[in-house]
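One line per chain: the protein sequences are A and B, in this order.
Taking my numbering, the leading residue of the first sequence gets 1, the next gets one more, and so forth.
Taking my numbering, the leading residue of the second sequence gets 1, the next gets one more, and so forth.
Everything labelled a hint here was simulated from the structure, so no lab data went into it.
Possibly wrong hints are sitting among the right ones.
[To be verified] Think about it this way: if two alpha-carbon atoms lie no more than 20 Å apart in a straight line, the pair counts; the simulated DMTMM-like pairs of lysine to aspartate or glutamate are:
{"no.": "1", "chain 1": "B", "residue 1": "Lys41", "chain 2": "A", "residue 2": "Glu222"}
{"no.": "2", "chain 1": "A", "residue 1": "Lys428", "chain 2": "B", "residue 2": "Glu78"}
{"no.": "3", "chain 1": "A", "residue 1": "Lys428", "chain 2": "A", "residue 2": "Asp407"}
{"no.": "4", "chain 1": "B", "residue 1": "Lys75", "chain 2": "A", "residue 2": "Glu222"}
{"no.": "5", "chain 1": "B", "residue 1": "Lys76", "chain 2": "A", "residue 2": "Glu222"}
{"no.": "6", "chain 1": "A", "residue 1": "Lys428", "chain 2": "A", "residue 2": "Glu222"}
{"no.": "7", "chain 1": "A", "residue 1": "Lys291", "chain 2": "A", "residue 2": "Glu281"}
{"no.": "8", "chain 1": "A", "residue 1": "Lys428", "chain 2": "B", "residue 2": "Glu74"}
{"no.": "9", "chain 1": "B", "residue 1": "Lys41", "chain 2": "B", "residue 2": "Asp23"}
{"no.": "10", "chain 1": "A", "residue 1": "Lys428", "chain 2": "B", "residue 2": "Glu79"}
[Stated by the list, open to error] These stretches of chain A come out as covered by chain B in the derived footprint (C-beta under 8 Å, 3 or more residues):
{"no.": "11", "segment": "178 to 185"}
{"no.": "12", "segment": "385 to 392"}
{"no.": "13", "segment": "448 to 454"}
Only a predicted model underlies this, so the values are computations on that prediction, with no experimental measurement involved.
Yeah, the Cβ is synthetic: ideal placement off N, Cα and C, and Gly gets one too.
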Amino acid sequence: MEGLYYGWQAVTSMPVLLAAIGGVTWGILGGALPGISPSIAMALLLPFTYNLPPLVAVVLLAAVYVGAEYGGSIPAILIRTPGTNSAAATVIDGYEMQRQGRGGEALGLSLVGGTIGGLFGLILLSTLTEPLSSLALVFTPPAYFALGILGISIIGSLSEGALLKGLIAGVLGMMIATVGTDPISGVSRFTFGNPNLLEGIHFILIMLGVFAVAELMVQAGEERWTEGTKPVEGNTRLRLPSLSTLWRLRRAQGIGCVLGAVEGAIPGGGGSVAAFLSYNEARRWSKEPEKFGKGSEEGVIAPETANNVVSATAIVPTLSFGIPGSNSTAILLGGFLIHGLQPGPLLFTTNPEIVYGLFGGLFTANILMFLIGTVILTPCIWLVRRPKPYLMAAIFGLVVSGVYSIDHSLFDLGVVLIAGVVGFVMRKFGFPTLPLILGLVLGYMIESNYRRALLITNGDHMVFLQDGVSLGLLACAALIIGLSAWREIRRIRNPVKLEEAPAH
Amino acid sequence: MRGNLIVGLLLLIFSVVFWLGADAIPKSRLSGSVGADGLPKMLAIALGVLSAGLIAQTLLMMRTVSAAASVSREKKREELSLYLRGFGMVAIGAAYLALVSYLGYMLTIALLLLTVAIYNGKRPTVGALLFAVVGSVFFYLLFVQVLEVPLPAGFWPRLIG
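One chain only, chain B, in its complex shape:
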């Protein structure tokens, strides 16, 4: 319930920010009667109204639902750790994003495969390492050789050349 309230408030703030952003869009004579800011402003108003409605609805429901439904602190902590585990996956993705230009695709994808597998409960065994190596070779062959996607080569060409 409280989460909904916070989300509602954040959305309300976002709607104001979006409106201000829309208002800052330069005016153009080519735009016609409704400028480039027309729909964004309408959307900002719609989001403002809907998020205010969400806040009101949540407050109303908080009143009707008894306090008995409150969640224990332990369960909350458990939930939080599950959320954080989810965000850990994005952190791994962000690390890949930061490293791939320097280390090159093949090495970074191997690291990503290994890290994700270990992060999700696989023990760091030779098997896991083998999975990462075979996986990176497979992805390299598929994307770089077969599909001819110019994935970042990293420092390897400088090192070899």
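Okay, chain A solo, but in the shape it has when bound:
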């Protein structure tokens, strides 16, 4: 009941409502722009959340995530260019529908499917997260340390074919987290006498650099965007599906819901995997599989439902364990940490108003996505048709101005640019960036609990093996790394031989 009260309070609070409106609108617009992923759209807003009340800040970020998942489908359907990775599966049938003059129908299916998916995901989020909070009682400092190590191990190991690079990125992130004044002894570490470094390097700066600046660097090197890729006129008026159509498509939506739920809760799964899996399964279970690829309604609604379920269920591991499974949830975690809130088993007991308020805010965001989605199409199309150089300049302008608003320091901008170079180099050499962010975000938690545990035991490291939860979590981490290493060794020993394609 207490949860419902907090949720209702959030739904009826004007600042939260405004955050949801702003977040969803920004998310849809950002998602609609090819090259702006949900995580970049969120990262660009992160500096602005600094001075907001905690609940408003996290609802704003979560609403961006919700909106961006729908926004990505707009250019996917209209100009065959997915705005986000998870909208890639929507291109197949969405664009085909557009070519047949049914673009408005495809957009309607995407919007309604996304809303249903988002609400379904929210039900799962609110029912799954709370039971996990009961784990709070068994978590001691060694267990928290082990939880952090497990988180980095999972995310590092998920980097397909790049286990070592993933782990290196995680270690580098933790190294950055050690810069600044030591929280226990007050000694300066790696500050080189620079007072700007005394408080450490804020993770917002690294996130902005690694996500936004690195993306701008990549895009600057890519082929020039053809100016004003124009969708066919007359087909871009949104047409919402009737209830009978939705009932007919219930199987595809069900598949999207189930696979989105499973993929969202698995770290690293993400919306794109869920969308493609749902598309495939929807085709397999469809009564009209031959229509897939030729403008099938099921081919649009299944992936769109799935990626919006993911936008809610991906928050489950973030809220319950403090371990984000994707770039977007890592930024959401950053939004919590900025306000001194540590997501994890204790959050439900220490700040229930934030958790349930977030659920309420997400409910509002999903309803608003539906309402705003019906009217925002024209501005989206206008924005997508803007020349890429202008968009890039505007994003860069937003980055350099937003960074300054955090601490009113130009030094921070220098850090963002350096982080951008690091992110760019990492991408070029195949290093995953999420473990770096995770190491940075979890670094403080890992170190403080590591040292607290050793303070209690007078430096006896055996405490990490004597504590049952810690032992279990560390064993899981070792197992995950071991299995990934084994897979990688097998891959090196038996490289996949690609058969030469037959000449046409």
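Once you've looked at the hints, dock chain B against the given chain A.
Quick look at chain B alone, frame taken from chain A:
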């Protein structure tokens, strides 16, 4: 492949430098059994081991992958130019950083908008100039007037005052 090898070596060197840096952290009696240098040293060791592993893995893969996969010089040059274009964006950002205190936010952000647009393929037309002017006014109003962020004013107040 060779790139991975170089990165692995650089990371190995960095791990040694980081360890030395951690070793130079002053000792404090408040630190407890594990000092402020405890975790940094552990991380330096972990990075050393992992980068050595990356070097070994790359060498192993270089042996298994045939020389046929070698990239042509032209493609390499193309790749290099793409990298350099990316770094050009950071150079523009660095120029903004150097100029903003002197020229002030509004003028520098206009220059940044114009430079980034031109750098990314927009011709220097009146439209581009208009974009920079309108963009800088928009950013000024948003950040300085609405959000009340005290962005650098540059020499303008001295000139006017």
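Hint check results:
1. At roughly 40 Å between alpha-carbon atoms, lysine 41 of chain B and glutamate 222 of chain A are farther apart than 20 Å, so this suggested pair is violated.
2. Taking the CA atoms of lysine 428 of chain A and glutamate 78 of chain B, the gap is near 14 Å; set against the 20 Å cutoff, the hint holds.
3. Straight-line distance between C-alpha atoms of lysine 428 of chain A and aspartate 407 of chain A comes to about 31 Å, which puts the hinted pair past the 20 Å bound.
4. Proximity of lysine 75 of chain B to glutamate 222 of chain A is assessed by CA-CA distance (about 14 Å); at most 20 Å being required, the pair is judged to hold.
5. For the given pair, lysine 76 of chain B sits about 15 Å from glutamate 222 of chain A by alpha-carbon distance, which is consistent with the 20 Å threshold.
6. Restraint check: the Cα-Cα separation between lysine 428 of chain A and glutamate 222 of chain A comes to about 13 Å, which is no more than 20 Å; the hinted pair holds.
7. For the proposed pair lysine 291 of chain A and glutamate 281 of chain A, the alpha carbon gap of about 14 Å is at most 20 Å, so the pair holds.
8. With a C-alpha separation of about 18 Å, the suggested pairing of lysine 428 of chain A with glutamate 74 of chain B holds against the 20 Å cut-off.
9. For the proposed pair lysine 41 of chain B and aspartate 23 of chain B, the alpha carbon gap of about 7 Å is at most 20 Å, so the pair holds.
10. With a C-alpha separation of about 10 Å, the suggested pair lysine 428 of chain A and glutamate 79 of chain B falls inside the 20 Å cut-off, and the hint holds.
11. Three residues within the 8 Å Cβ limit are the bar, and the segment 178 to 185 of chain A against chain B gives 4, so the coverage statement holds.
12. For the segment 385 to 392 of chain A, the stated coverage by chain B is satisfied: 5 residues place a CB nearer than 8 Å to a CB of that chain, which reaches the threshold of 3.
13. Interface restraint, the segment 448 to 454 of chain A with chain B: holds (3 residues with C-beta to C-beta distance below 8 Å; minimum three).
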